[in-house]
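Student: Listed here are the chains, written in short residue letters.
2 protein chains.
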Amino acid sequence: MKNFKFILGLGIAMMNIAYGQELKSPNGDFVMDFSLSKDGQPTYQLNYKGKEIIKPSHLGFEFKTNLNQKSFEWNDKSEADKAKDLANFLSGFKIIDTKTSTFDETWAPVWGEVSKIRNNFNELAVTISQPKTDRKMIIRFRMFNDGLGFRYEFPEQKNLKYFVIKEEHSQFAMAGDHTAFWIPGDYDTQEYDYTESKLSEIRGLFDKAYIGNASQKAFSKTGVQTALMMKSSNGLYINLHEAALINYPAMSLNLDDKNLVFESWLTPDALGDKGYLQAPFNTPWRTVIASDDARDVVASKMTYNLNEPSKIKDTSWIKPVKYIGVWWEMITGRGSWAYTDDFSTVELGVSNYAKAKPNGKHAANTKHVKEYIDFAAENGFDAVLVEGWNEGWEDWFGNHKDYVFDFVTPYPDFDVKELHAYAKSKGVKIVMHHETSGAIRNYERHLDKAYQFMQDNGYNAVKSGYVGDIVPRGDYHYSQNVVNHYQYALEKAAEYKIMVNAHEAVRPTGVARTWPNLIGNESARGTEYQAFGGSKPNHVTILPFTRLLGGPMDYTPGIFEMDIKKMNPNNESHVNSTLVNQLALYLTMYSPLQMAADIIENYKRFPDAFQFIKDVPVDWQDSKYLEAEPGKYLTVARKDKNSNNWFVGNVNGVTPRTTKIKLDFLEKGKKYEATIYADGKDAHYKTNPQSYKIETKKVTAKSTLDLTSAAGGGFAISIKEVK
Amino acid sequence: MKNFKFILGLGIAMMNIAYGQELKSPNGDFVMDFSLSKDGQPTYQLNYKGKEIIKPSHLGFEFKTNLNQKSFEWNDKSEADKAKDLANFLSGFKIIDTKTSTFDETWAPVWGEVSKIRNNFNELAVTISQPKTDRKMIIRFRMFNDGLGFRYEFPEQKNLKYFVIKEEHSQFAMAGDHTAFWIPGDYDTQEYDYTESKLSEIRGLFDKAYIGNASQKAFSKTGVQTALMMKSSNGLYINLHEAALINYPAMSLNLDDKNLVFESWLTPDALGDKGYLQAPFNTPWRTVIASDDARDVVASKMTYNLNEPSKIKDTSWIKPVKYIGVWWEMITGRGSWAYTDDFSTVELGVSNYAKAKPNGKHAANTKHVKEYIDFAAENGFDAVLVEGWNEGWEDWFGNHKDYVFDFVTPYPDFDVKELHAYAKSKGVKIVMHHETSGAIRNYERHLDKAYQFMQDNGYNAVKSGYVGDIVPRGDYHYSQNVVNHYQYALEKAAEYKIMVNAHEAVRPTGVARTWPNLIGNESARGTEYQAFGGSKPNHVTILPFTRLLGGPMDYTPGIFEMDIKKMNPNNESHVNSTLVNQLALYLTMYSPLQMAADIIENYKRFPDAFQFIKDVPVDWQDSKYLEAEPGKYLTVARKDKNSNNWFVGNVNGVTPRTTKIKLDFLEKGKKYEATIYADGKDAHYKTNPQSYKIETKKVTAKSTLDLTSAAGGGFAISIKEVK
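Sequences listed follow chains A and B, in order.
full-length UniProt numbering numbers the first residue of the first sequence as 1 and each following residue consecutively.
full-length UniProt numbering numbers the first residue of the second sequence as 1 and each following residue consecutively.
By construction, these hints were calculated from the structure, which means they are not laboratory data.
Only a predicted model underlies this, so the values are computations on that prediction, with no experimental measurement involved.
If the Cβ cut is set under 7 Å, some of the chain A residues that face chain B in the computed set are:
(1) Lys161
(2) Tyr162
(3) Ala270
(4) Leu271
(5) Thr345
(6) Asn399
(7) Pro472
(8) Arg473
(9) Gly474
(10) Asn481
Covered stretches of chain A (chain B as the covering partner; in silico rule of three or more C-beta atoms under 8 Å from a C-beta of chain B):
(11) 400-410
(12) 440-453
With a cut-off of at most 27 Å between alpha-carbon atoms, the simulated DSSO-like pairs for lysine-lysine come out as follows:
(13) Lys449/A x Lys311/B
(14) Lys313/B x Lys449/A
(15) Lys161/B x Lys355/A
(16) Lys367/A x Lys426/A
Cβ coordinates follow ideal geometry from the N, Cα and C atoms, glycine included.
Put together the whole structure using the sequences plus the hints.
Tutor: Below, the structure is given as structure tokens:
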């Protein structure tokens, strides 16, 4: 928010060609051409350093129209033709105005990988009108040095007021049969392992990728979600995503695998409609990030830059959080969220918990939570998450229940006031948990009381969850109504000075720039899946290229015991990661909200390794991606916001790998001590995950480190300034 | 709530027959037989004084099942068969228990036609089980002296926990091709004129009856709504309705017009599902009210008796209301709800009303409202309704808008604080208006603030409206979700000590016994339709037999100027009623909430007639229906709750009629003066509606009055005790 330059008019970046408009990035690497086809279809294409990124691709919309309000039966042919004309917002356009401008500003995020972000783009706003229906829209393009963003704008106008989207038709024509890292297109969940394949192979691999989930809805055998990461055979890294998803359905992509053209596929509501708009309205931005250097993609801040500046004036109450929790024991099945086995169904306010027999496995009890508060206080953690503290868990899952929780009534063995006082005395917070079970009307009915309860009892952060199909039934997790709900809950939380970490919600799209109290989402396959059968060992080498582009993920790393049978003899899952890989995640999975997710006992078994987790900060002044290859490895160095210390993390895929890391990011002339946490010589994510070694070294900016990562391994380094 | 007798076990009313169960009314006039068919289908039939009312009819449900959570495709035939078995809750039952009992209690409603209501029935509860699926339910029958009520109960049980209703199949097999007074079955509105026809004629008359509405959805050419009034060729009056509609979809009836069998047809949600239940659960009651005397039907309190007693402990804040309003001028088109013509679309919080040019027709302005407050105070009215006081009316209608109102932001020319103080100083209340436009999520999001705003500004009653299709889209006004919403708004209003009058909501089903702050609904074709083209002149001779059976209607009578061109030259509607008929409505359309709906000026033109409206009370100690014939006439006498005065009203259909009214309901030995407001000799609803004459007479309990009602006319009498 400090310096910015705003230059209007034709600049060197902008050339007006007879049949089209050209837009270049500030450094000239990207060139976009926009024109209308002979049928008046808006068309764009994108090149990077002379190579095709997007081949000529069309833009536009199909609207839903019915002249007769209650039916689609036409009184006569002319009405049917008129309806067709009104439905078409894809062709028959002409350009009536173009405006170009340049923007260059640096702003400071409240939390982040870096303390300053530069927002520099050349912009082209094309106003097109459709004479047949006398309607118009603006397509606004912003070209950054890391790629292109564009959105549609419907200005206030006579013939477009309230309208319904049948489908958005934004195309992204690929220049080759790229390798893609994809998850199935789905209206309800992103919790899939990634599949790496050529675009042409997606169809054949779809069913295998589409594994079961508590709530899921695929739409096409070539449908995929964004952010979509790809690599071309000529070494280009290409990423498709969206930014600023507000009051609009989430976009997936459907591939025409004959022509290798992706097209936007929005999430419908119960009626199959895709969005209800009132002009004036701006859609989210569609983004194409590209580079010949993978590090540029993973470091891109375009998604944030395309969002509005913060709407929260006083952000002093928004703070990064390092936490532990009463959680992993339930995820692994050792303990239960539920208090009793007496009730197979629950009616809140009627089921009498005071008289119910405790099942002896209920983890969220006062005594146990105090143990976690003690451990957090002793080890420098800010907070303790507690799940299963409130009435209703006995039948919360899989019943599509409406009045499932009230968010304020604790179980008999969870003493709210006592724990509030105890936590306060130890300088630790408790993180509230609001599992909604997807029943969003129920959540909204209780929201003010739930947030007030938090304020009254010392909670300032909430993990919310949306496990299961949405109620009202027929909406999906990514429908416009539900996207609107997440935003409603987020903005209301800001009124109460509450930070939000929303699980199973729509994947973030940079909205945290505008609402920085959104300190996390899950919205991808997280660590819990390691206890649900395991994730692919290279999963964490893909997520930073996909899920993390729109915002941080509450990945909840830090598992030290990979053999889940040791947590629960009935759970044969294995965490497909070395212990050191788990340490590295605190660097490679950037998040202002970081959990040390394992149970206390497992940390006590490895105090030397645990030291890294205690030391690693959760807020950064600067970050440098040192090496990156989606699906294979990622190495990043970050500087603590509050000291001169640096931290480095590497996560590795399935192939053991050695690398040389130059420490030239350190400050010249300063002396540092590096503590290197590395995989043991025989470490392997499956057969020998807990083998590690720790060594210290004196280093300077001139040093180079030779490091080896095991299969599914990595390394983690803390570099402290020494006087 | 005073005396009640509860007798368990076999009484003289109950006979256990080998193949079935018999249940009689306390006076023995009704006899119901329940049995299982040879296929194990629950079957009942009903006789009255030896004549068939309901021929053998089946009961039961179809559930929605899918073994594979995400699809209806079965892995093998046995799964498909199992699904069929699970879906069937119609046959294959056996009786495993029967319990009989008698109940006799008198309770006092907070407001009503009478001050005491007797609740006397014989009850049969049959528990039936379906051995193939090991599931059971109870069908509970209650036989009153005015008919039968029955409901289904799903007790807590192992094999029925959370389930989805595909359809309820409650049959009502008619014994003949009765004459019916019906409106089209519809998921969204009841605002139709009634059609009187034989059952066999419904199909042919349906399209003509199905006139346009802002929100409507028919489902069958032989679908009708309840309460359904019928008359058999052998002089029986038969009425079908439901009671205690809570958290369930509203029931319409679909006629098999070949066999003259009605069957329940529930209102679906966006997915076509009919209801989501969790055992234990009781459905609403289905009621069959019958008599050979039409007066018994219109006087029946069965619907109330089948509801739970009041859940509101302190009801001192619930008071009947007589009111006028800033409303009719907008309905007729003389004035506008909207403040300005500057905005064709509105974005609340963005559209700047302070800068907008007033359109000069906005009726809800401070000055004008004060005129109404003055008139109310001078004429003994309790309150003034004001519509159009708040931002958002410029685009509220027909746009299916979500964030349409915030319920707390007034227009620039409506001074909330000033009007609050002014009304208070005059001893008058203002009735709040919450038009939701059917956007129920938006209403719920604002509900607490809206109710608090009412408390803060002296409002204790709200007229709510649901004009237009429901948002979230796909639900209907009578879907389970939306029925649940009306109940939510009502119960929350009780927390704030607010009375509710809900328009366009589901028609009431006696819930006001449990929640007496529900002082009114519209939920039928009200007086406003007289300004939208007019209603049939005998409309008000049918409504007491249909709409009013479940609760009072805010019919808003009292129109003195029938020629709407005089209100608005562009509106050629005519009120199809004589002026005296309008007076009589205060008697025949019982409601604790009564509006004198016309504009002040029209009352000032006829002060002698207006005197009746000033005199007529809105709460009653006793009521006697003197004569009644659906579609033709209704005459009722009511005793003021707070004095010894009686009032009599008659509404007449299209045929002029003379009648003799005995005043034997008056107290013997007392002297009274009757003021008789009668149609003039040449009065006619169309050609001469404003012709009336007023005369006074001394009367006693021995008196008889000869009275003549014009076409679409009636008479109104106030009978005051004289010393």
